[in-house]
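A.B. asks: As given, the protein sequences belong to chains A and B, one line each in that order.
Sequential numbering from 0 applies to the first sequence in numbering that gives the first Met the number 0.
Sequential numbering from 0 applies to the second sequence in numbering that gives the first Met the number 0.
One thing to keep in mind: the hints can contain errors.
For identical chains, the list gives no copy identity; a pair is met inside one copy or between any two copies.
Claimed, not checked - BS3-like, lysine-lysine: derived pairs with alpha carbons at most 25 Å apart:
id: 1; residue 1: Lys284; residue 2: Lys263
id: 2; residue 1: Lys249; residue 2: Lys147
id: 3; residue 1: Lys147; residue 2: Lys259
id: 4; residue 1: Lys261; residue 2: Lys149
id: 5; residue 1: Lys263; residue 2: Lys149
id: 6; residue 1: Lys201; residue 2: Lys164
id: 7; residue 1: Lys273; residue 2: Lys149
id: 8; residue 1: Lys332; residue 2: Lys34
id: 9; residue 1: Lys211; residue 2: Lys58
id: 10; residue 1: Lys263; residue 2: Lys34
id: 11; residue 1: Lys55; residue 2: Lys214
id: 12; residue 1: Lys332; residue 2: Lys259
Quick caveat, the hints were computed from the structure, so don't treat them as lab data.
Number of protein chains: 2
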Amino acid sequence: MDEKRKTSNRRNYRIALDAMGGDFAPINEVLGVIKAFESKLGGFNAEIVLVGDEDKIRKKLNQYDTSILNYSIVHAPDVVTMHDEPSMVLKNKRNSSMFIGVELLAKRYVDAFVSAGNTGAVLATSTILLGRIPGVSRPTIGTFFPTKNKYPSLVLDVGANVDVKPRYLYEFAVMGSIATTQMYGIENPSVGLLNIGEEESKGTDVLRQTHKMLKESQLNFIGNIEGKDILSGISDVIVCDGFTGNVLLKFAEGFYSLIKSKIKSMGNGNVLNKAMVLLAAPALKKMFKDFNYENYGGVPLLGVNGAVIIGHGKSSPEAVKNMIYKAYELVDKNVNEKIVNALNPTLVTSNVE
Amino acid sequence: MDEKRKTSNRRNYRIALDAMGGDFAPINEVLGVIKAFESKLGGFNAEIVLVGDEDKIRKKLNQYDTSILNYSIVHAPDVVTMHDEPSMVLKNKRNSSMFIGVELLAKRYVDAFVSAGNTGAVLATSTILLGRIPGVSRPTIGTFFPTKNKYPSLVLDVGANVDVKPRYLYEFAVMGSIATTQMYGIENPSVGLLNIGEEESKGTDVLRQTHKMLKESQLNFIGNIEGKDILSGISDVIVCDGFTGNVLLKFAEGFYSLIKSKIKSMGNGNVLNKAMVLLAAPALKKMFKDFNYENYGGVPLLGVNGAVIIGHGKSSPEAVKNMIYKAYELVDKNVNEKIVNALNPTLVTSNVE
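One chain only, chain A, in its complex shape (with noise of 0.2 Å):
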């Protein structure tokens, strides 16, 4: 009764989904589209537009019962695949899923649009079609990172900026800041430079000079933290450039990767080794629970003038429904307004943030 009152509370958003984006796409996608209308999570209310091969998706969705989706099919003949240079979509590749599903946003057709495809090429598309929110230097993609805590951390950027100035890091801050409080509700996040030591002098200059504006904004910045600090849940925002973000990201998938394959040699051994592995099994896989993407569900794509959220290649059906239950919450609770409103404190001098 009560979930039945704040759905028909919660306003209705169109949400564009790259339906040929993921590495199993379509049926991920449309999977994912089904499970997000059957939970229905905190009253969702959206018509997703699915954008790809029609003839696909239909054969997919004739699969299920689609009486309780809210869907439209817009038909893109082309699909951008992971090895396609970002800079060649626009180029290339209109008729793509992707393209056309950023340019429904760009027009307003949709309030957000969701892809779990190339992620260089969904930053690349949606920079130029969407443009920047006012006062963005610089669009980022952040991630999220298992903590000891209840909460994962959200580190930015993670790829999208190798040169970095103090003001990019400063807007990475504020934005990621923005997110972690709307999307993920973690009031007054704490907000860390990732540096090679706590003191203010260390670092280079651009650190250095971020660590002075950080610390003179309003921001709830704890200072710098080191490498050892990013899973300590010390730091609820953690910003970098992105060519560390970057390394950081990969290599924690290939220390996953690592633990896993000292894990199969060992069972490989003789039937000691193999029972004690299968003893384990229980206790190792919940530990690395957390360390499962499917359960942040994609990120959003900060910085640009449009609600995008991106996911893994991989996502399962399970991520696609969390991204966009994701990109309804960037839509509903204004998150890109409130940056215009951080970044802009002479333009609107009232609801500052």
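Since the structure of chain A is already known, use the hints to place chain B on it.
C.D. replies: Frame of chain A; chain B shown alone:
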């Protein structure tokens, strides 16, 4: 018999040990010396010069049978702590075990110096007192990361040089390759450049230029590697700037600590959880064996004009023993001379690495 002959054939060196360096000094240092003489690995043949508080060192030594040891003591009343600013040692701590130890090496009273003390302070003191090897722009510190293979990979730099130029990174690759071959027996070690993509065009200008230098060099350069490749064992030597390397090193420590805390919190649950963790314990222990820094026993401070081995502050007696052995190899294999030849091809046209 064979072992004996080998022993008598190997040259005798004098190795100074900072007996007050580590967190448990001088206990672990003294025990490490005893271990070194007990095992005499590979015909190890040296006199150890223990530098530090003579009373404390003697008190500890007197608890053991020292008849098998070949040692002397050089008294040093002062100690460099982990909190001392590296640059202050030269000004205020000239009576410390660290300063005196490096000075003994600078005057060639000893052939090598070993310390588990403040790494930054050893770096600064050694660079000033010993100077740089001809052809080396910046001394560097590396660390071994475990891999899926038999051998760990040497990542350098991990903190000595935050700002790098292509020439620095090239020199790190040369020095890392020589040390890996001579001290760890890896023939023709592969060299990877840490980047955010495999293509030559990826990363910063510095990385693009470095890629070109490494490609044109005599090194076994395998190209750019990504964060996920670090632990894969694909590359024996991995070069990166000291900021990225330091963040990675500390992140790996944090990762290890997060997993330990997850396991611990699992065991705090009900009886079933407790049993699960108990059953998993042997597998987990085995899995993390390779992550134990003690097995690697310190790393050479590459590029200073003298043989210096630095180790973790928490070094166990086993780690100290391995550090002493590594110092022996560093001297005995003429690593620094080989670096001179490799970086100054016009200086010595024969015998170039």
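A.B. asks: Would you mind marking each hint as holding or not holding in the structure?
C.D. replies: Hint-by-hint comparison with the structure:
1. Lys284 with Lys263: both (13 Å within a copy, 14 Å between copies)
2. Lys249 with Lys147: Both ways: Lys249 and Lys147 sit 20 Å apart in one copy and 16 Å across, limit 25 Å.
3. Lys147 with Lys259: For Lys147 and Lys259, the Cα distance is within 25 Å both inside one copy (20 Å) and across copies (10 Å).
4. Lys261 with Lys149: Only across copies: Lys261 and Lys149 sit 12 Å apart there, 28 Å inside one copy, limit 25 Å.
5. Lys263 with Lys149: Between copies only: 15 Å across chains, 29 Å inside a chain, cut-off 25 Å.
6. Lys201 with Lys164: The answer is both: 16 Å in one copy and 19 Å across copies each meet 25 Å.
7. Lys273 with Lys149: Between copies, since 21 Å is at most 25 Å while 33 Å is not.
8. Lys332 with Lys34: Cα proximity of Lys332 and Lys34: one copy only (22 Å, versus 64 Å across).
9. Lys211 with Lys58: The answer is neither: 56 Å in one copy and 50 Å across copies each exceed 25 Å.
10. Lys263 with Lys34: neither (33 Å within a copy, 35 Å between copies)
11. Lys55 with Lys214: Classified as neither: same-chain Cα gap 52 Å, cross-chain 46 Å, threshold 25 Å.
12. Lys332 with Lys259: neither (39 Å within a copy, 37 Å between copies)
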